[in-house]
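Undergrad: Here the structure of chain A is known, so what remains is to put chains B, C, D, E and F in place on it, guided by the hints.
Protein chains: 6
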Amino acid sequence: MAGGARRMSERIRQFTEFRQRMNTRILEHDNQVVRRFFALDTQCYKDGVLDVKTKEMLGLVASLVLRCDDCVSYHVAQCRQAGVSRDEMLEIFQVGLLVGGSIVIPHLRRAVDFLDQIEAMPAAGVAPAAPD
Amino acid sequence: MAGGARRMSERIRQFTEFRQRMNTRILEHDNQVVRRFFALDTQCYKDGVLDVKTKEMLGLVASLVLRCDDCVSYHVAQCRQAGVSRDEMLEIFQVGLLVGGSIVIPHLRRAVDFLDQIEAMPAAGVAPAAPD
Amino acid sequence: MAGGARRMSERIRQFTEFRQRMNTRILEHDNQVVRRFFALDTQCYKDGVLDVKTKEMLGLVASLVLRCDDCVSYHVAQCRQAGVSRDEMLEIFQVGLLVGGSIVIPHLRRAVDFLDQIEAMPAAGVAPAAPD
Amino acid sequence: MAGGARRMSERIRQFTEFRQRMNTRILEHDNQVVRRFFALDTQCYKDGVLDVKTKEMLGLVASLVLRCDDCVSYHVAQCRQAGVSRDEMLEIFQVGLLVGGSIVIPHLRRAVDFLDQIEAMPAAGVAPAAPD
Amino acid sequence: MAGGARRMSERIRQFTEFRQRMNTRILEHDNQVVRRFFALDTQCYKDGVLDVKTKEMLGLVASLVLRCDDCVSYHVAQCRQAGVSRDEMLEIFQVGLLVGGSIVIPHLRRAVDFLDQIEAMPAAGVAPAAPD
Amino acid sequence: MAGGARRMSERIRQFTEFRQRMNTRILEHDNQVVRRFFALDTQCYKDGVLDVKTKEMLGLVASLVLRCDDCVSYHVAQCRQAGVSRDEMLEIFQVGLLVGGSIVIPHLRRAVDFLDQIEAMPAAGVAPAAPD
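Protein chains in written order, with UniProt numbering: chain A, 1 to 132; chain B, 1 to 132; chain C, 1 to 132; chain D, 1 to 132; chain E, 1 to 132; chain F, 1 to 132.
With the rest of the complex left out, here is chain A (with noise of 0.2 angstroms):
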């Protein structure tokens, strides 16, 4: 049990690692054009007429309904972290199944997965302020 959920936080943190490290590795090339879509993603995310919590909402169904499972997993954690409970999760992912057809459940079955090991974790889970 506990070795499970020490794996699961070893993935999670590999995961995470990764992320941040490319993300700066792409962002020390010379292309402003790069650089800006990075930046202007970040601030796509901050509260605005709608808040944070609604946003990332928006961003986890649009992650979900595009099967993109790293971009699922970013915006879960940021959806936790913004205060989405877990029965408002579970109806973003069943709007997102049901727009997106049944192609949408293998990326559920992670995104559940992903779900359960950041809540089985001590801590604060996935950093935040990187780029999806």
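Derived by calculation from the structure, the hints in this document are not laboratory data. Among the hints, a few may not be true.
For lysine to aspartate or glutamate, the following EDC-like pairs were computed, each having C-alpha atoms within a straight-line distance of at most 16 angstroms [as the list claims (entries may be wrong)]:
#1 B:K46 / A:E88
#2 B:K53 / B:E88
#3 A:K46 / B:E88
#4 D:K53 / C:E88
#5 F:K53 / E:D69
#6 F:K53 / F:D87
#7 B:K53 / B:D87
TA: What follows is chains B, C, D, E and F alone, placed relative to chain A:
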């Protein structure tokens, strides 16, 4: 001006009429799976842990990144009926644009055009209670 | 009624005429890869281990989940010519709807509308022997 | 040789175990729409006007053009159980490849690899009765 | 003949007019993320390490495999303005067709039709300087 | 450091080995359409009106917006062999990112990681002459 508005309402009326007529036509067939899917699609957006407004916003952004004009039009109308303001609508579009990229822009143009049209209409606009 | 049917046949005639004219136009170009692709596409649906009817059903469901109206119309016509009954057509739609989700519904409406139109036509309907 | 086959069955076993465990996990949640979607997905592939074999072939080609490895693996296993021969399987792949293009090739490689693996297994292979 | 050319220019004129009017309309809204995205989209195709011609070819093939008619039309016009020859255009289409599959064919037909139309026009064709 | 590079080359070697082994496996089947598709895919990227370098850049951006990691890796390697510089590679990524949106970012991370790996390798890298 008044002629333009009339022409617009005419397009929306045709769009709504076709959707409702064909939904009825589809459901006339003796196919239980299709019928149940349509029923489930209606159930999906009903008040739950998330309210109707939030669910319609989720449906809209999902439709936008999957680039389905008819679905976008439908959810724009539903969002408006659920009280989504124009500024909120733009922030939903903003998330869809960032997640989905410039390929979303033509659909964004048609979404804003559709929104302008239903706001210019005298009465309620697009009839609800029909799947996507 | 008769006027409606005439208007419908007119739309199908235009759709078929455009497809054939542009296919011819494309193949006039001196581009061997494009020509071979078109030839391969025709070969693909010929009788093999699977018969034409089964292959056309596969082509139809693939077109439906990829949400390409022209491809759906083409394969609906081909399926009909290959002996797919209306009930069978609906079960193909059912699989496409479940796999692809509610985003498929607008294409389903147009597919059923197209099917109604070719069934209402006096004669053979959409000419085959042209890629998608 | 024998070691390779053992390693393969191990991967299939893990794949099947994860799918079933997470399906169960998802259905534990009190979300009626998700549960009904899963039930409908099971109903969708049952004997109807089209038989199970044809429906599984439709599910396979749809999964292939939508490029979902897990769905492809699942339907390859189901197709095999429904009596689809290897030559027929290749013709399904052929339609998916033509419709979906070279972007499908990596998924085709994994599909053929998966098919080789389940054919090399001593017994029944992937357990059915679970959505995609 | 002359009537057909006139009708064609009329369609292109309408397409261009709608794109420009709605782009302006979108940018009137007080939404900084959307505005910045549009600016970034314009910056993206400017001369850089890769010249404008190459970038427009990249934009065209990306639009083709993502099957967006408006984006394809826009980049066909931009490519032509950047000096892409008809034979080069066909080789871009060839790559898009192989990568994206037969589902791309309907978009290819409309792309070649559009190219024929702008080549038949007396003057410059589609106005640039507007996102996609 | 040296250990990291060795581990990386190992991953690339496995990726290349699997692709080539499975391509051979697929082509062993007696299916003429699949074989011709593979031949056509090879022909597609040969020197024509557009040179190999340009065609590989087109293949790369198409793979990126369709979000296929294996195809991206393959074309990154081919691009490098065709003389695409790192700055040019970044501008191809830039177009893919703008057209395809933030959903492309996870694939971009893996693309840059892959590029770093093949640049760190002692010799030629990924073997060509195999479809995608």
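Undergrad: For this structure, which hints from the list above don't hold up?
TA: 5
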